[in-house]
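Chains A and B are the protein sequences, given in the same order. Residues in the first sequence are numbered from 43 upward in steps of one, following the working numbering. Residues in the second sequence are numbered from 43 upward in steps of one, following the working numbering.
Incorrect hints may appear among the rest.
[Claimed, not checked] Selected chain A positions facing chain B (in silico; Cβ < 10 Å):
#1 ASP64
#2 SER94
#3 SER95
#4 SER123
#5 ALA147
#6 THR155
#7 ALA161
#8 SER191
#9 GLU197
#10 THR393
#11 SER396
#12 LEU458
I should point out that these hints are in silico values taken from the structure, not numbers from a laboratory. What you are looking at is a predicted structure, and each value in this text was computed from that prediction instead of being measured. Note that the Cβ used here is the ideal one computed from N, Cα and C, for glycine as well.
2 protein chains.
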Amino acid sequence: MTMAKDKKSPRPKAETPKGFRDYFGAEVTERAAMLSKIAGVYHRYGFEALESSAVETVEALGKFLPDVDRPNEGVFAWQESDDEGKGGWLALRYDLTAPLARVYAQHRNDLPTPYRRYAMGPVWRNEKPGPGRFRQFYQCDADTVGTASVAADAEICAMLSDCLEEVGIPRGDYLIRVNNRKVLNGVLEAMGVSDEGQAADVLRTIDKFDKVGEAGVRELLGKGRLDASGAYIDGVGLSEAQAEPVIAFLTSKAADAAGTLANLRAAVGGSAIGAEGVDELEQIAGLLDAQGYDAGRIELDPSVVRGLGYYTGPVFEAELTFEILDEKGRKRQFGSVAGGGRYDDLVKRFTGQSVPATGISIGVDRLLAALREKGRIGGTVQGPVVVTVMDRDRMADYMTMVSEIRNAGIRAEIYLGNPKNFGNQLKYADKRGSPAAVIEGGDEKERGVVQIKDLILGAQIAENATLEEWKERPSQFEVPRGEMVAKLKEILAGQG
Amino acid sequence: MTMAKDKKSPRPKAETPKGFRDYFGAEVTERAAMLSKIAGVYHRYGFEALESSAVETVEALGKFLPDVDRPNEGVFAWQESDDEGKGGWLALRYDLTAPLARVYAQHRNDLPTPYRRYAMGPVWRNEKPGPGRFRQFYQCDADTVGTASVAADAEICAMLSDCLEEVGIPRGDYLIRVNNRKVLNGVLEAMGVSDEGQAADVLRTIDKFDKVGEAGVRELLGKGRLDASGAYIDGVGLSEAQAEPVIAFLTSKAADAAGTLANLRAAVGGSAIGAEGVDELEQIAGLLDAQGYDAGRIELDPSVVRGLGYYTGPVFEAELTFEILDEKGRKRQFGSVAGGGRYDDLVKRFTGQSVPATGISIGVDRLLAALREKGRIGGTVQGPVVVTVMDRDRMADYMTMVSEIRNAGIRAEIYLGNPKNFGNQLKYADKRGSPAAVIEGGDEKERGVVQIKDLILGAQIAENATLEEWKERPSQFEVPRGEMVAKLKEILAGQG
Numbered sequence: 043m044t045m046a047k048d049k050k051s052p053r054p055k056a057e058t059p060k061g062f063r064d065y066f067g068a069e070v071t072e073r074a075a076m077l078s079k080i081a082g083v084y085h086r087y088g089f090e091a092l093e094s095s096a097v098e099t100v101e102a103l104g105k106f107l108p109d110v111d112r113p114n115e116g117v118f119a120w121q122e123s124d125d126e127g128k129g130g131w132l133a134l135r136y137d138l139t140a141p142l143a144r145v146y147a148q149h150r151n152d153l154p155t156p157y158r159r160y161a162m163g164p165v166w167r168n169e170k171p172g173p174g175r176f177r178q179f180y181q182c183d184a185d186t187v188g189t190a191s192v193a194a195d196a197e198i199c200a201m202l203s204d205c206l207e208e209v210g211i212p213r214g215d216y217l218i219r220v221n222n223r224k225v226l227n228g229v230l231e232a233m234g235v236s237d238e239g240q241a242a243d244v245l246r247t248i249d250k251f252d253k254v255g256e257a258g259v260r261e262l263l264g265k266g267r268l269d270a271s272g273a274y275i276d277g278v279g280l281s282e283a284q285a286e287p288v289i290a291f292l293t294s295k296a297a298d299a300a301g302t303l304a305n306l307r308a309a310v311g312g313s314a315i316g317a318e319g320v321d322e323l324e325q326i327a328g329l330l331d332a333q334g335y336d337a338g339r340i341e342l343d344p345s346v347v348r349g350l351g352y353y354t355g356p357v358f359e360a361e362l363t364f365e366i367l368d369e370k371g372r373k374r375q376f377g378s379v380a381g382g383g384r385y386d387d388l389v390k391r392f393t394g395q396s397v398p399a400t401g402i403s404i405g406v407d408r409l410l411a412a413l414r415e416k417g418r419i420g421g422t423v424q425g426p427v428v429v430t431v432m433d434r435d436r437m438a439d440y441m442t443m444v445s446e447i448r449n450a451g452i453r454a455e456i457y458l459g460n461p462k463n464f465g466n467q468l469k470y471a472d473k474r475g476s477p478a479a480v481i482e483g484g485d486e487k488e489r490g491v492v493q494i495k496d497l498i499l500g501a502q503i504a505e506n507a508t509l510e511e512w513k514e515r516p517s518q519f520e521v522p523r524g525e526m527v528a529k530l531k532e533i534l535a536g537q538g
Numbered sequence: 043m044t045m046a047k048d049k050k051s052p053r054p055k056a057e058t059p060k061g062f063r064d065y066f067g068a069e070v071t072e073r074a075a076m077l078s079k080i081a082g083v084y085h086r087y088g089f090e091a092l093e094s095s096a097v098e099t100v101e102a103l104g105k106f107l108p109d110v111d112r113p114n115e116g117v118f119a120w121q122e123s124d125d126e127g128k129g130g131w132l133a134l135r136y137d138l139t140a141p142l143a144r145v146y147a148q149h150r151n152d153l154p155t156p157y158r159r160y161a162m163g164p165v166w167r168n169e170k171p172g173p174g175r176f177r178q179f180y181q182c183d184a185d186t187v188g189t190a191s192v193a194a195d196a197e198i199c200a201m202l203s204d205c206l207e208e209v210g211i212p213r214g215d216y217l218i219r220v221n222n223r224k225v226l227n228g229v230l231e232a233m234g235v236s237d238e239g240q241a242a243d244v245l246r247t248i249d250k251f252d253k254v255g256e257a258g259v260r261e262l263l264g265k266g267r268l269d270a271s272g273a274y275i276d277g278v279g280l281s282e283a284q285a286e287p288v289i290a291f292l293t294s295k296a297a298d299a300a301g302t303l304a305n306l307r308a309a310v311g312g313s314a315i316g317a318e319g320v321d322e323l324e325q326i327a328g329l330l331d332a333q334g335y336d337a338g339r340i341e342l343d344p345s346v347v348r349g350l351g352y353y354t355g356p357v358f359e360a361e362l363t364f365e366i367l368d369e370k371g372r373k374r375q376f377g378s379v380a381g382g383g384r385y386d387d388l389v390k391r392f393t394g395q396s397v398p399a400t401g402i403s404i405g406v407d408r409l410l411a412a413l414r415e416k417g418r419i420g421g422t423v424q425g426p427v428v429v430t431v432m433d434r435d436r437m438a439d440y441m442t443m444v445s446e447i448r449n450a451g452i453r454a455e456i457y458l459g460n461p462k463n464f465g466n467q468l469k470y471a472d473k474r475g476s477p478a479a480v481i482e483g484g485d486e487k488e489r490g491v492v493q494i495k496d497l498i499l500g501a502q503i504a505e506n507a508t509l510e511e512w513k514e515r516p517s518q519f520e521v522p523r524g525e526m527v528a529k530l531k532e533i534l535a536g537q538g
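Next comes chain A alone, as it looks inside the complex (with noise of 0.2 Å):
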């Protein structure tokens, strides 16, 4: 090896870069065909594909600090290169929202309003990478955008469920649990809330309503809590009574929507943003209730405190509730795959017009793992029907004989690496997991026949068979010719 002294040109390495990775057979047809079946419902709703550019100027994305030369950390960005030296700063979309905005901008003068639109690709994230937390990743969202209608958001969530059941997660094994931000609007100014910075205290502290519970939630916003690791938490610095409609708010579910409506109203006092967030989700539940998207499958939820930070209207999360294994063993319920709601001001920041919009984006790979889970994908992936080569010679023989499998739409190649040892050609079909194998030598020629090996068979009864069993099921069949594509058809039944 002269590798050390081939200093002009090192070897390169063959990796990913940190954070990335790379996809292989069932992992990315497994994901085409989820995709799939969703763009399908979203098509079916009247939604639009849309497939913006990866790239876009950082201006548009939105990323960009003023007082700072480079563009903010989470993306993947640099400066463009034109004919009088450095140009703009391009980068790459950090999710399919920002483009939306830049899109409907654009083109709104061509788009229809409102405008239901699509999109599912990778997004890229300029991010420390950790264990499943990759800087390339799959979104697939749906917005409607230019309508102030719940209608609009009622649609969303009964989309999202019919794309959870078109996937294959059934009825009853997922919750879509819709809260609204505006009731949060209402119970702040019930508190008397007004400071911002207080306000942003508050929402971190009712993001933590999960973790603490109403006790710990209780403890933070007044005086503050001993943490569980001994340190002290500084609280909000509420009075009792200001926490109040906080807790009433977090903990309004009720058993019916009447319920935790009646509690909601009560929550939000006399607050005017308050009554109308509770309307909203009065109608949402309405016309949900009136296609027969019951509680059971969509319901409301005031303890939905994800995104409310971010959303300005109702805010939508799916969590799939049926049971796993965490990594230390423990049970606990699979959790979110899904997360959107009402935000209106995107387009704003390009045209000056506030634009409603509201929309829903599923984790691609969080549901694809929970289809797993369930046993719906990722099990054995049946490989090609493999045609052995005994004779080099007769490579045109072989050949005629694959693409006549083939043309019976079996899925089938030819062994194409060196012929010699015919062992590595079954090691081989075994690491294709191939169903069967088809092997005609020059006897086999002769007599007009071929040999076909039933793999799953033969395998099978490797393991377990005793030597009665094994001579009583033979994997290995003699058929003419003019039989081969009949009888891997009936092997290939019988393995189904």
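Given the coordinates of chain A, work out where chain B should sit on it, guided by the hints.
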């Protein structure tokens, strides 16, 4: 408007970066459908999907100029920032072959040998954009890595032929032409050209064969040639005798493969590499013929020179032979939609070991354009049925209707704009390409009926019909509410 005063955050321009574009609706779904058909063929041939990361290290891409501290022009690249400051350079992939080489080198112990893989997705080029030339576009590749067998080359050609027919290019409208770089190497040997620079000059010259013809190539190989523009192009400086084998090579195509092969054998004279190349072409032709791919689909054609500079063995090019009108209204053949060949040194960069590989790349946009030319795609796309909103308080009724229609498998949506002006609702339906609109006002609700407007028929009548015909062929129907879905099905079937 306070735009000018708002210095803190000037409005960003809603524009794609130069050279990038967005794809809408049918542009996205037609491409996806075409790629899905091609993936089906690739899969049937035993090829496995691979989706490598869009981002690679610049070293792995092999576009790093060792003496320059920046990656070279053709790629979009940026420098990683890590904890210690500047890190390595990353870049967007510029094709799907360079990533394949990296993936194969990285995962070769886990992959079958040979490894058949296909890949589809966007690639990026940092080039000056032009009309119809974008800096992000799709490629769709299939490659076999790890076998030197010409059976792999023949298989790629057969598969390409199947792909073209599968997506809708009829037999007779395409031709896959096969040549071999080794034959050209033999020709260069026969000419006595061993200097690499001179060989490159010869390659550049034969690349002009299409444009300047046999006489032009003779001049350019010799003393030079007066250009159409009046400029004098220096020649390679070969003698007439030396030029003879190249001319024989370029014009060796005969009425059948046997004739072509005989001409090629004469052209390469006593060259061993040349004879090897001719043998390979003979084997490829034989293997394809045995499977029924006749010369009307795949033929040997030594005048294919595109790619001869890059590939190391067999070279393939798929041309569409039907005529179209170019931008100046002149008839010309549609031309190339795919190309490929054998390249044996890509993996060596990483591992030091030479790994034989062969493959094809389909020009996705070109093939889509061809299907559009042939009327296979791009017709009027039918939009969703639109359920109009006559009474804002009865949204639940309308959403129930739209839900019923969708559950019958019909694409449908509710109008979500401001319902005040009914004319706007019909304008919206028109913009959406809706086949029908459903109307249920208070009167209809009371009588238990709905109105259904056949919008396609309505448009035809409005354009062409006399008043008599108008009366005879109603385009609006009143049906009982319970028959809404059935009537819609009837109307859509009639439009089909």
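A quick look at each hint next to the structure:
1. ASP64: holds, 5 Å
2. SER94: holds, 5 Å
3. SER95: This hint holds: SER95/A lies near chain B, its Cβ roughly 4 Å from the closest one there, short of 10 Å.
4. SER123: At 8 Å from the nearest chain B Cβ, SER123/A passes the 10 Å test, so the hint holds.
5. ALA147: Holds. Min distance 4 Å.
6. THR155: Cβ of THR155/A sits 6 Å from chain B, so the hint holds.
7. ALA161: holds, 9 Å
8. SER191: holds, 5 Å
9. GLU197: holds, 7 Å
10. THR393: holds, 7 Å
11. SER396: violated, 13 Å
12. LEU458: holds, 4 Å
Hint compliance for this structure: hint 11 alone is broken.
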